[in-house]
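Engineer: Starting from the given sequences, assemble the full structure and let the hints guide the process.
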Amino acid sequence: MRDIEAGKITEIVSGLCIKANLVLGDDVLTALKEAEQHEKSPLGKETLEQLISNARIAQEDSLPICQDCGTAVVFLEVGQDVHVVGGDLNKAVEEGVRRGYTRGYLRKSIVRQPYTARINTKDATPPVIHTEIVPGDKLKITVMCKGGGAENMSRLGMLTPGAGRQGVIDFVVKTVEEAGGKACPPLVVGVGIGGTTDMVMLLAKKALLRKVGENSRDIETAALEKELLERINKLGIGPNGTGGTVTALAVHAEVMPAHIASLPVAVNLQCHAARHQEAVL
Amino acid sequence: MTVPLKIKSPFTDAEMAKLKAGMSVLISGVIYVARDAAHKRLIEAMDKDEKLPFDFKGQTVYYMGPSPAPPGKVIGSAGPTTSGRMDVYTPRLLSAGLKAMIGKGHRSTAVREAIVKNKAVYFVATGGAAALLSKSIKKSETIAYADLGAESVLRLEVVDFPAVVANDIYGADVFEQEQKKYKQ
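Chains as they are written, first to last, in the numbering used here: chain S, 1 to 281; chain A, 1 to 184.
Please note: incorrect hints may appear among the correct ones.
Heads up, simulated DSBU-like pairs for lysine-lysine below, C-alpha to C-alpha not over 35 angstroms straight-line [as the list claims (entries may be wrong)]:
1. K91(S) - K140(S)
2. K33(S) - K51(A)
3. K226(S) - K138(A)
Coverage of chain S stretches by chain A, computed from C-beta distances (three or more under 8 angstroms per stretch; other residues unrestricted) [to be verified]:
4. 62–76
5. 98–108
6. 113–125
7. 225–239
What the hints contain is simulated information worked out from the structure, not anything from laboratory work. Computed from a predicted structure; not experimentally measured. Beta carbons: idealized from backbone N, C-alpha and C, even for Gly.
Structural biologist: Right, here's the structure in full:
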């Protein structure tokens with residue numbers, strides 16, 4: 001067994017929340033620069049130029065990339081030989097989110113009793129925590145700051161098995177089309193296929209953690225990702241929805257087995273401010 | 001890219017008439033910030049004939065909820081939020097004299113009709129360009145509903161705030177107009 005102090009986890013999560021909100025990953029920035037080269041629409045090009053400048057200004061001025069600092073979604077991969085000491089693991093993560101969002105001057109966007117009172121918790125908590133037990137004695141923490149606009153336009157489809165590959169393509173493309181400019185394109189499109197209603201959404205969200213443009217290692221899935229990206233970029237939505245040839249920077253799909261009666265498909269849309277940071281303890 | 005047109009808020013009908021969907025503009029002057037929760041309260045106040053935090057006539061509403069201002073800064077990051085969520089409230093505000101809105105994403109048919117009817121304009125700013133847009137904001141003051149935190153009503157003074165005309169007084173829509181050029 002390896003001991004990890006709960007206080008250490010809090011500090012790490014706090015730092016990850018701040019870094020994720022202030023620093024756009026190199027993979028996203030590279031994808032935006034490439035998109036700017038290829039975009040055919042003058043308005044679209046201008047939008048992409050603004051987004052590239054925005055990433056620089058955010059870092060220089062220590063401002064969040066986007067004012068919507070998101071829901072803190074925290075993925076924990078806990079080695080089975082890890083022993084958390086000096087506190088409760090979930091509380092340690094929550095305290096890290098509270099500190100990070102306060103210290104980093106990040107917007108607190110979580111409301112309690114969402115269907116009635118909608119009172120802001122004023123400290124960005126609670127985060128959404130996904131915990132997985134894995135072999136080993138390490139703790140991997142990934143913080144994803146997920147904006148509301150793109151999350152709102154995400155969808156679950158319980159297709160019939162007969163719908164097949166074409167059904168999956170049509171559902172994903174339709175979801176992106178309906179989102180239009182609301183989800184802040186150019187998007188990273190996370191797709192989950194298989195599993196159950198709960199698991200397929202998680203697959204789609206986890207797909208967003210891949211480096212932008214890194215295709216699936218499975219040949220068939222990689223081909224699906226490429227075809228989806230082509231179809232999506234033919235929609236004409238473009239950066240910010242004001243027309244163009246770059247609607248998505250990448251499509252990432254994750255697949256798992258499903259029930260004989262089911263073909264679950266989940267689309268988790270990610271705006272161009274694809275913010276996530278990780279640390280291994 | 002054509003040179004952006006410099007315009008000043010609050011707006012007159014004559015100024016609105018110059019704006020066409022797809023035009024880039026730089027907005028200076030005074031704009032008010034209100035998003036979901038503030039809109040709900042504004043409508044409730046109108047229902048009860050209560051005094052509103054500001055007179056809508058000729059004014060611009062920016063759908064936005066900023067991040068907190070770090071020490072020494074006027075405001076934190078300040079990009080647009082999705083306008084569609086305000087669609088249910090917008091026609092009422094336009095009838096009361098509101099002239100312009102800034103947000104992101106397309107609007108409902110009802111809002112588009114109300115825009116034409118009231119000779120108003122809907123602008124889009126770049127969603128996610130929040131640090132860049134904050135540079136155009138020179139002054140920020142909370143004028144109502146401070147308890148809503150990031151959703152309170154603010155009065156901003158802006159200089160050369162970049163936006164694109166999305167819906168104009170003639171009924172044109174930038175999304176329809178531009179997306180079809182690139183749809184394959």
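Engineer: Compare the structure with each hint and give your call.
Structural biologist: Consistency of the hints with the structure:
1. Simply put, K91(S) and K140(S) have alpha-carbon atoms about 16 angstroms apart, close enough for the 35 angstroms limit, and the pair holds.
2. For the suggested pair K33(S) and K51(A), the alpha carbons sit about 49 angstroms apart, so the restraint of at most 35 angstroms is broken.
3. For the suggested pair K226(S) and K138(A), the alpha carbons sit about 44 angstroms apart, so the restraint of at most 35 angstroms is broken.
4. Counting residues of the segment 62–76 of chain S whose beta carbon lies closer than 8 angstroms to any beta carbon of chain A gives 8, which reaches the threshold of three, so the coverage claim holds.
5. Look at the segment 98–108 of chain S against chain A: 4 of its residues bring a Cβ nearer than 8 angstroms to a Cβ of that chain, three or more, so the hint holds.
6. Coverage of the segment 113–125 of chain S by chain A holds [criterion: at least 3 residues with CB-CB distance below 8 angstroms; count 3].
7. Under the rule that three or more residues need a Cβ within less than 8 angstroms of chain A, the assignment of the segment 225–239 of chain S holds, with 6 such residues.
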